[in-house]
Amino acid sequence: MKVSIIGGGGLVGSCAAFALQCGGIVREIALLDVNAELAAGQALDLLHGGSSVADQVITSGGYEHIPSSDVICITAGLRRKPDESRLDLINRNTDLFTSILNDCISAGVRKDAIVMVVSNPVDILTYVAYDRLNLPASRVLGLGTQLYTIRLRS
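Mapping the sequence shown onto this note's numbering, position 14 (from 1) lands on 1146, and the numbers just tick up by one.
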């Protein structure tokens, strides 16, 4: 199984990659980020620690990874400004998110791929992904409920 993480150079994306690496359930992890050097550095760090965890292929790059991805995890997004609510992010993040989805569409998303949305506001962006990618609703998932459960439990 191959997982591509868009936003893989950032903290959330690189932590997701590390969790996948430690879980050992995926064969390949690709980190994509607007900051290609940061994504490459994160991939290299994971690769160096990988021999003690699992036999995996860990790479970085661009949207050329999308057509061969079983799972596309989107963690990219703009951060909230001080005193800005998640809902205030809608306009700023929707434009960025739509651009990411357009790049995915141009690259070619597999019809059996699963898309996991982590970017905020997660529920709205999950719907945008579902609407734009023409995948069945069961293949476009948002992390919102899981994240809120984790926060409540902590």
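Just so you know, the hints here were simulated from the structure itself, not pulled from any lab data.
These numbers come from a predicted model, not from an experiment.
Think of the CB as a built atom: it goes at the ideal place given N, C-alpha and C, for glycine as much as any other residue.
Be a bit skeptical, because a hint or two may be false.
Pair by pair, the computed Cβ-Cβ distance ranges are [as the list claims (entries may be wrong)]: (1) S1217 - D1187: 42 to 52 Å; (2) S1200 - G1173: 19 to 29 Å; (3) L1210 - Y1280: 29 to 39 Å; (4) A1269 - L1176: 33 to 43 Å; (5) D1255 - R1285: 14 to 24 Å.
Against the structure, the hints:
1. S1217 - D1187: 42 to 52 Å: Holds, at about 44 Å.
2. S1200 - G1173: 19 to 29 Å: holds (23 Å)
3. L1210 - Y1280: 29 to 39 Å: violated (20 Å)
4. A1269 - L1176: 33 to 43 Å: holds (37 Å)
5. D1255 - R1285: 14 to 24 Å: Holds: the Cβ-Cβ distance is about 20 Å, inside 14 to 24 Å.
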